[in-house]
Amino acid sequence: MTVTATPSLSGLPDSAAGLRTFLHGLPGVDKVGVEARTAALGTRSVKTTAKAQAIDLAIRMVDLTTLEGADTPGKVRALSAKALRPDPADPSCPPVAAVCVYPAMVPVAAEVLAGSGVHLASVATAFPSGQAPLEVKLADTRDAVAGGADEIDMVISRGAFLAGDYPKVFDEIVAVKSACGDAHLKVILETGELSTYDNVRRASWLAMLAGADFIKTSTGKVPVAATLPVTLVMLEAVRDFRAATGRQVGVKPAGGIRTTKDAIKYLVLINETVGDDWLDPAWFRFGASSLLNDLLMQRTKLTTGHYAGPDYFTLD
Amino acid sequence: MFEYAPAPENRSIVDIAPSYGLFIDGEFAEGKGTFKTINPANEEALSEIALAGPQDIDRAVAAARRAFESWSALPGSERAKYLFRIARIIQERARELAVLESLDNGKPIKETRDFDLPLVAAHFFYYAGWADKLKYAGFGSDPRPLGVAGQVIPWNFPMLMLAWKIAPALATGNTVVLKPAETTPLSALFFAEICRQAELPPGVVNIVTGAGDTGRYLVEHPDVDKVAFTGSTEVGRQIARSVAGTGKRVTLELGGKAANIVFDDAPIDQAVEGIVNGIFFNQGHVCCAGSRLLVQESIAEELLASLKRRMATIRLGDPLDKNTDIGAINSEAQLARITELSQIGESEGADRWSAPCELPDRGFWFAPTIFTGVTQAHRIAREEIFGPVLSVLTFRTPAEAVEKANNTPYGLSAGIWTEKGSRILAVADQLRAGVVWANTFNKFDPASPFGGYKESGYGREGGRHGLEAYLA
Numbered sequence: 117m118t119v120t121a122t123p124s125l126s127g128l129p130d131s132a133a134g135l136r137t138f139l140h141g142l143p144g145v146d147k148v149g150v151e152a153r154t155a156a157l158g159t160r161s162v163k164t165t166a167k168a169q170a171i172d173l174a175i176r177m178v179d180l181t182t183l184e185g186a187d188t189p190g191k192v193r194a195l196s197a198k199a200l201r202p203d204p205a206d207p208s209c210p211p212v213a214a215v216c217v218y219p220a221m222v223p224v225a226a227e228v229l230a231g232s233g234v235h236l237a238s239v240a241t242a243f244p245s246g247q248a249p250l251e252v253k254l255a256d257t258r259d260a261v262a263g264g265a266d267e268i269d270m271v272i273s274r275g276a277f278l279a280g281d282y283p284k285v286f287d288e289i290v291a292v293k294s295a296c297g298d299a300h301l302k303v304i305l306e307t308g309e310l311s312t313y314d315n316v317r318r319a320s321w322l323a324m325l326a327g328a329d330f331i332k333t334s335t336g337k338v339p340v341a342a343t344l345p346v347t348l349v350m351l352e353a354v355r356d357f358r359a360a361t362g363r364q365v366g367v368k369p370a371g372g373i374r375t376t377k378d379a380i381k382y383l384v385l386i387n388e389t390v391g392d393d394w395l396d397p398a399w400f401r402f403g404a405s406s407l408l409n410d411l412l413m414q415r416t417k418l419t420t421g422h423y424a425g426p427d428y429f430t431l432d
Numbered sequence: 039m040f041e042y043a044p045a046p047e048n049r050s051i052v053d054i055a056p057s058y059g060l061f062i063d064g065e066f067a068e069g070k071g072t073f074k075t076i077n078p079a080n081e082e083a084l085s086e087i088a089l090a091g092p093q094d095i096d097r098a099v100a101a102a103r104r105a106f107e108s109w110s111a112l113p114g115s116e117r118a119k120y121l122f123r124i125a126r127i128i129q130e131r132a133r134e135l136a137v138l139e140s141l142d143n144g145k146p147i148k149e150t151r152d153f154d155l156p157l158v159a160a161h162f163f164y165y166a167g168w169a170d171k172l173k174y175a176g177f178g179s180d181p182r183p184l185g186v187a188g189q190v191i192p193w194n195f196p197m198l199m200l201a202w203k204i205a206p207a208l209a210t211g212n213t214v215v216l217k218p219a220e221t222t223p224l225s226a227l228f229f230a231e232i233c234r235q236a237e238l239p240p241g242v243v244n245i246v247t248g249a250g251d252t253g254r255y256l257v258e259h260p261d262v263d264k265v266a267f268t269g270s271t272e273v274g275r276q277i278a279r280s281v282a283g284t285g286k287r288v289t290l291e292l293g294g295k296a297a298n299i300v301f302d303d304a305p306i307d308q309a310v311e312g313i314v315n316g317i318f319f320n321q322g323h324v325c326c327a328g329s330r331l332l333v334q335e336s337i338a339e340e341l342l343a344s345l346k347r348r349m350a351t352i353r354l355g356d357p358l359d360k361n362t363d364i365g366a367i368n369s370e371a372q373l374a375r376i377t378e379l380s381q382i383g384e385s386e387g388a389d390r391w392s393a394p395c396e397l398p399d400r401g402f403w404f405a406p407t408i409f410t411g412v413t414q415a416h417r418i419a420r421e422e423i424f425g426p427v428l429s430v431l432t433f434r435t436p437a438e439a440v441e442k443a444n445n446t447p448y449g450l451s452a453g454i455w456t457e458k459g460s461r462i463l464a465v466a467d468q469l470r471a472g473v474v475w476a477n478t479f480n481k482f483d484p485a486s487p488f489g490g491y492k493e494s495g496y497g498r499e500g501g502r503h504g505l506e507a508y509l510a
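Residue numbers (this note's numbering), protein chains in the order written: chain A, 117 to 432; chain B, 39 to 510.
One chain only, chain A, in its complex shape (with noise of 0.2 Å):
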């Protein structure tokens, strides 16, 4: 197999055993380093106005997440009437980034989210797997993208990605990416499974060669999704592709990430490391479900001093 498109940016790969000795190439990373890195920065204290803002921010940079066997229309109605507004009680609440649903709920989602400003994510290519023919995946991004979907959350296969077969990997990211037509591509690399950072690191820059407009970590399907070492890992990553080619990729944890006290943790971590530009939902977006109600309640507790109780936030 053959990489059918290459990038054409000078001194990247532009051929198979190219795109090897490139991702071989990159700098190793310390585990040990990079998790007392995201460890230190776990201690940061946010408090009062920057305590506000960043729970405001986190909000916009949700992306509001359903991907059972279970979902319905009805469910799905109910998710993106709650992106629209978070908190009913307050209208200065902002509204989420985006819904992310299975492609069968897109039309549902769509009907809602129409003309708001709220993005429509579908996940696609036989998520959560990946473990299906190039065509299958190829129709179900064409599905998503027909139903409405704006946004495209692809999983690789990871399978390829561990035998070596690199190409593999990136043709399907390239044809993907061609069936999204306007549609942003998010490629999950599901760090989980690919188990080093070092994998992690060249999982992120193959997506990105490829075409990739956001790197995401995890499906939440398998037991190890968003971490701190592995988001700071893929920001390094984008920071170093922008560096390097001057287009710029966003970043997505998904997965268990659940309280406001973790949200802020991945803020600090986008202060401190890669700084203002990705501090914005165009670049970042926390993929959850449970997170935009502790969000919510922490957002109260700060404009009115006292914690509301569960049955005052919506459940859908």
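What the hints contain is simulated information worked out from the structure, not anything from laboratory work. No experiment lies behind these values; they were computed from the predicted model shown. Warning: the hint list may mix true and false statements.
[Unchecked claim] Calculated pairs, DSS-like style, for lysine-lysine (alpha carbon to alpha carbon, straight line, at most 30 Å): (1) B:Lys481 <-> A:Lys377; (2) B:Lys360 <-> A:Lys167; (3) B:Lys346 <-> B:Lys173; (4) A:Lys191 <-> A:Lys337; (5) A:Lys381 <-> B:Lys481.
[Unchecked claim] What the simulated footprint calls covered on chain A by chain B, stretch by stretch (three residues with Cβ under 8 Å from a Cβ of chain B suffice, anywhere in the stretch; the number is not a length): (6) 234-248; (7) 280-294.
[Said to hold, decoys possible] Restraint ranges, calculated between C-beta atoms of paired labels, are given here: (8) B:Ala43 <-> A:Glu151: 19 to 29 Å; (9) A:Val340 <-> B:Pro394: 51 to 61 Å; (10) A:Gly141 <-> B:Ser115: 51 to 61 Å.
For each residue, glycine too, the CB sits at the ideal point set by N, CA and C.
Please arrange chain B on chain A, whose structure you already have, making use of the hints.
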């Protein structure tokens, strides 16, 4: 832009008395005069401290000598109980002591809370564990304590250095007269209270406060059996001269000018963190600081760009703010020395770059600074600056890196950054430094011995090796 709101730790959890006496024989006593200790972050006086004269040292050493009889006769398991008790009290009062240390020293609360105080308690726990196992430590079947230890410690890690000195001394059955640095006496005086709280027998630990003269009386006192000093190489030399021929045992932990070597196959992002941690930790007031960055020429430009970008995010300011990375320089005199050496660096032709940060109006502050274009012939590559100033040199081959790293009168620590395991082992083997860190820097553990080559001193502190200095 995401600005953090101020997040100050609560100052009122520590109650500093308006004045403190000398701690001799379990009681606080007046000295021959007083001096003030100030908060270097705002220059406000914190307390008035007794100044110990020769007679006070006589009394303190005599008290330690009296206490030695019964303390050294206690079974190790009984001494261990006191040390465990002290360790637990330190843990219980850790937050208070962290604030105190930050106020008196100027270092950020983040470091006193997450580094100094946990390690202080860990040292007491560690040596408490040795107290009843000395026969099995490898120093003979019946190792004996030396007697009275005169210990003089520096201002950079006031309470941690106290723990490094006192914990092994007490575990082995010695008694102690300790002099903290004149700019940071408070945590030692709080430790005196902790000794009382732990009901440590009077005279086992004595704390005498004062400046250089007080320290000299102590180390020159004829009834002191063992001298332990951490501080400058200059004072270390004077001590070595003064105890020569007296039969006193000596350990000296002195200055350093550590090489932090970054090879072209290093994990670059983590190496940048390691460089920052190596030189800007504790305002660079660290004897084992990685103050000479040796970077392979082929990646120098890229690495320095990353380093500057990272340095621009360092947060300098109020030491009590939980988000502060760099606090105040400990004293006006130290600030003057850092400033002077930096000016010499500039006048010798090195390129100076400081992180853009606003320095507070009052107190002693110095922005994190790097010098590039430094060669072995520059004074800033040879002399210990003991501040947040990094000298950057380049090398071409591993052999050159080793040669440059070793080309210093010091030899306390070194760092190696490479993803290649065989290179770590080969280079570490050739470096003449007491501690060599690989893909990390400034990591400490009570179980690990610490000490230097050449003008960085002699003797080891910490670990099993640290017992030897207190046993005959």
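Against the structure, the hints:
1. B:Lys481 <-> A:Lys377: 28 Å, holds
2. B:Lys360 <-> A:Lys167: With a Cα-Cα distance of about 15 Å, the restraint between Lys360 of chain B and Lys167 of chain A holds, given a limit of 30 Å.
3. B:Lys346 <-> B:Lys173: 52 Å, violated
4. A:Lys191 <-> A:Lys337: Roughly 20 Å separates the two Cα atoms, so the pair holds.
5. A:Lys381 <-> B:Lys481: Since the Cα atoms of Lys381 of chain A and Lys481 of chain B sit roughly 24 Å apart, the hinted pair holds (cutoff 30 Å).
6. 234-248: It is violated, with 0 qualifying residues against the three required.
7. 280-294: Coverage by chain B is violated here, the residue count being 0 at a Cβ distance below 8 Å.
8. B:Ala43 <-> A:Glu151: 19 to 29 Å: Holds, since Ala43 of chain B and Glu151 of chain A (Cβ atoms, about 27 Å apart) stay within the stated range.
9. A:Val340 <-> B:Pro394: 51 to 61 Å: Violated, since Val340 of chain A and Pro394 of chain B (Cβ atoms, about 39 Å apart) do not stay within the stated range.
10. A:Gly141 <-> B:Ser115: 51 to 61 Å: 58 Å, holds
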